[in-house]
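Trainee: Chain by chain, the residues run as shown.
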Amino acid sequence: DVKVTQSSRYLVKRTGEKVFLECVQDMDHENMFWYRQDPGLGLRLIYFSYDVKMKEKGDIPEGYSVSREKKERFSLILESASTNQTSMYLCASSLWGGLNTEAFFGQGTRLTVV
Amino acid sequence: AQTVTQSQPEMSVQEAETVTLSCTYDTSESDYYLFWYKQPPSRQMILVIRQEAYKQQNATENRFSVNFQKAAKSFSLKISDSQLGDAAMYFCAYRQNSGNTPLVFGKGTRLSVIA
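Chains A and B, in that order, give the protein sequences. Here our numbering is used: position 61 in the first sequence is 61, and no number is missing along the way. If you want our numbering, it's the position in the second sequence, counting the first as 1, plus 114.
Among these hints, one or two may not hold up.
[What the hints assert, rightly or not] Derived pair list, reagent style DSSO-like, types lysine-lysine, alpha-carbon separation capped at 27 Å:
(1) A/55 to B/221
(2) A/55 to A/70
(3) B/187 to B/221
(4) A/3 to B/221
(5) A/3 to A/53
(6) A/55 to A/13
(7) A/57 to B/221
(8) A/53 to A/18
(9) A/53 to A/71
Think of the hints as simulated: they come from the structure by calculation, not from any bench.
Isolated chain A (complex conformation) (with noise of 0.2 Å):
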């Protein structure tokens, strides 16, 4: 089965913080996306990614970066954590395309700021 895994379920980070929410897949998978969901707006992409070290910005960027130095991990940077940034972010992977371009997704990760 496909595996994406987000490192944390919870975090709770103060006004400023410096915030990294990891993500890693293990199928090989070309495609990494970012995406941001609140009650009412539906999954709005942050940025994705298509290969090492590429990205390309998505709906919402701003306030956000994002690194892919390996394949299988993709990282969502909050350069200084705000409150209106307090949202549950999941990441997602697919392969890069064909058939089989379903997108496999994580757990979520609840992001509070205070």
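Fit chain B to the known structure of chain A by using the hints.
Mentor: This is chain B only, laid out in the frame that chain A set:
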């Protein structure tokens, strides 16, 4: 840019009955995939069913089936014989058939199943 619209924020269904969740999308592409994902309360997002745009036949997975109307850009999910375990958020998603494109999601429909 592609968009996905789920017009029903909440739905409810009696156990053992059938319910249909609506989804429309907007794209100028002809080669793409459509998905329905399920997110149970406090649990991981999982794929329910997928549809390839070039396939006219509607996809079916056990009690879950879709009504794919390509010209109308509509992709509804039908759940037959609803069970308590079907209660969840359901997200419709679109993906262009190109290597480095992400999934685009709708805002979701919260389905309640009444015993």
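Trainee: A separate judgement is required for each hint: does it hold in the structure or not?
Mentor: Against the structure, the hints come out as follows:
1. A C-alpha spacing of about 25 Å is found between residue 55 of chain A and residue 221 of chain B, which places the hinted pair at or below 27 Å, so the restraint holds.
2. Using a Cα cut-off of 27 Å, the hinted pair residue 55 of chain A and residue 70 of chain A holds, with the two alpha carbons roughly 13 Å apart.
3. Restraint check: the Cα-Cα separation between residue 187 of chain B and residue 221 of chain B comes to about 17 Å, which is no more than 27 Å; the hinted pair holds.
4. Annotation: proposed proximity of residue 3 of chain A to residue 221 of chain B holds, straight-line Cα distance about 25 Å (limit 27 Å).
5. Using a Cα cut-off of 27 Å, the hinted pair residue 3 of chain A and residue 53 of chain A holds, with the two alpha carbons roughly 21 Å apart.
6. Under the criterion of a C-alpha separation no larger than 27 Å, the hint pairing residue 55 of chain A with residue 13 of chain A is consistent with the structure, at around 26 Å.
7. Only pairs whose Cα atoms come within 27 Å are accepted, and residue 57 of chain A paired with residue 221 of chain B is accepted, the gap being roughly 20 Å.
8. Taking the CA atoms of residue 53 of chain A and residue 18 of chain A, the gap is about 21 Å. The hint holds against a cut of 27 Å.
9. At roughly 9 Å between alpha-carbon atoms, residue 53 of chain A and residue 71 of chain A fall within 27 Å of each other, so this suggested pair holds.
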